[in-house]
Amino acid sequence: MSDALNNEPREQLLIAYLDGELDAADRAKAESLLASNPEYVQLVDQWKENGGLLRSMPRYQLDSGFATRVLNAIDAKAIDVKTTGSASLPALNANVSDADNFAPSLTLAHASAANQPQSKIAGLALIGALAAMLLLTLFVFPSFVEPPATASVEPSENKTESVTPPEPGANLATARPPVPNALLLNSRVEGSGNESKPIGELKFLSQNSGINELLWIESESPDNAIELVATVFAKHSIPFQRSTDKESKDFEAIHIVSTVQKMQKAIKDLSSDEGTSVRKFVMPVLSSAVTADSTSAQLMDSALVTQELAGPEIEAVNKHFNLLGENDKETIVQYLLMIGKK
Amino acid sequence: MANQSDQELIRQTLDGTKEAFGHLIRKYQDRLYNGMVQILRNEQEAEDVVQDAFVLAFTKLSSFKGNSAFFTWLYRIAYNVAITRLRRRRHTVSLDGKDDTARLDFPDQGPAPDNRIQQQEQAVQLNQAMNRLSHEHRSILVLREMDDLDYDAISEILDLPIGTVRSRLHRARSHLRDHLEAIMNNK
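Residue numbers (the numbering used here), protein chains in the order written: chain A, 1 to 342; chain B, 1 to 187.
One or more of the hints may lead you astray.
Claimed, not checked - One side of the interface only, derived from the structure: several residues of chain B facing chain A at Cβ under 7 angstroms: (1) G22; (2) Y28; (3) Q29; (4) L169; (5) H170; (6) M184.
Stated by the list, open to error - Simulated DEER-style distance windows between Cβ atoms: (7) A/G20 / B/A182: 21 to 31 angstroms; (8) A/K268 / B/K27: 52 to 62 angstroms; (9) B/G163 / A/S32: 16 to 26 angstroms.
Quick caveat, the hints were computed from the structure, so don't treat them as lab data.
By construction, the Cβ of each residue, glycine as well, lies at the ideal position given by its N, Cα and C atoms.
Pulled out of the complex, with its shape left as it was, chain A reads as follows (with noise of 0.2 angstroms):
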């Protein structure tokens, strides 16, 4: 073997000597290859010498009323130390080397139309709507426009659980002043189980976002709804796109990107369908005492905190959440956090 090919398990080698995290063995082959390497002595010296500014560089220091402001934070949150949940560390760094590639997904589990119960909205399914339940649409940025995506409707197969829909009456949230930090997410979010089918993968466009609108749509025509969805999405130019991932091929995906005003007419467009029913849920910034081990009563109280809605509504959210998987689960908490966060 070149010397070329064994520098670099030998310097790796000289590394962990000069860490002191070798054995006495390793330690000993290290002595001799420099030793017998004046090369290899003067790049330890080097490392040494660095490693030695660093330490010597002067320290970042907080104030000294650091401490009383988290504390007072925690106040504000009203966290109760003895009675939240343990859990392991949380596990929010995905795979760094990904980070460039890195675009979390949320994909909208959507309950089928086979199962749907019977409600007073007649055939309710939570479905399309769970596409709806996109999350996520709304960012308040009418500046900001971005191309239109492909739009393509495709019949929806899918068949999944259904879930006890939240009772009727919209309660549209108001808009809240925008907070300053440009976000633009690409978010996605692949469902599992045999409970819950994804049905939407969402772009977000988030400019100065203090505004995170969840809509929650019901028909009763399950088999229509996305349709219905995606006709009065495209009647209001609002681009979207459907998911052509053959590797799931109940998936459903519906791309949306789009400006708050447009969204509002959409809404609009779709409360006035016989048959359909609006909700309109927004997430402020979120406690960042929510986690991804967060349940998703936790995360749903801290997200509608400042909403006004019926206890069935947020049960009807709550059981959503609870037919995600696991996975699912944390990577919508993640992804939440993204926006949600200030």
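Assemble the complex: chain A is given as a structure, and chain B must be docked to it using the hints.
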């Protein structure tokens, strides 16, 4: 209370003595903050991250099993929060065309006596070299060189195998050396 062990402070916190957690905060805030500043290259963001990390740690304190040092556990929480911020920053579109990439300035230490001028110059060059590193390489150098953590702790914080810790440190030190050389040669 200030001289009590982390274990005791955690126990008191879980028993409802929030001020015990305050002591933990004061004990580790600067060390954590320094690390986060180096990773994020932005002091305000680093402060936000550290605050979020402590709040998260408080929330999850009952899950801390003591298998590692509290600071290691805390650092991992902060690191994860910081990485999430970095990813979000990566997706940020600046509509005014300005580059929001953080470039950390050398912390102001006030006027220096003459015999420190060379040291300061070296530190400025080192800071510039650190600016050129990826956050992965900065992170691991900070953990090893500035926080003096061993490979096991680094492995736990970064969720990397020991072998990867070693190889990443090797690359980080090599890149730092190369950047320093280039800066000193005014490249």
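Here's how the hints hold up against the structure:
1. Using the Cβ-Cβ criterion of 7 angstroms, the hint placing B/G22 at the interface with chain A is satisfied: the shortest such distance is roughly 5 angstroms.
2. Annotation: interface hint on B/Y28 violated; nearest CB of chain A at approximately 10 angstroms, more than 7 angstroms.
3. Checking B/Q29 against chain A: minimum C-beta separation of about 5 angstroms stays under 7 angstroms; hint holds.
4. A distance limit of 7 angstroms between C-beta atoms decides the matter here; for B/L169 the minimum to chain A is near 5 angstroms, and the interface restraint holds.
5. Annotation: interface hint on B/H170 holds; nearest CB of chain A at approximately 5 angstroms, less than 7 angstroms.
6. At about 12 angstroms, the closest approach between the beta carbon of B/M184 and any beta carbon in chain A exceeds 7 angstroms, and the interface hint on this residue is violated.
7. For the pair A/G20 and B/A182, the supplied restraint of 21 to 31 angstroms holds, since their beta-carbon distance comes to about 30 angstroms.
8. The beta-carbon spacing between A/K268 and B/K27, approximately 55 angstroms, falls within the hinted interval of 52 to 62 angstroms.
9. Checked against the given bound of 16 to 26 angstroms, the beta carbons of B/G163 and A/S32, roughly 22 angstroms apart, stay inside it.
In this structure, the earlier hints numbered 2, 6 are contradicted, and the remaining ones agree with it.
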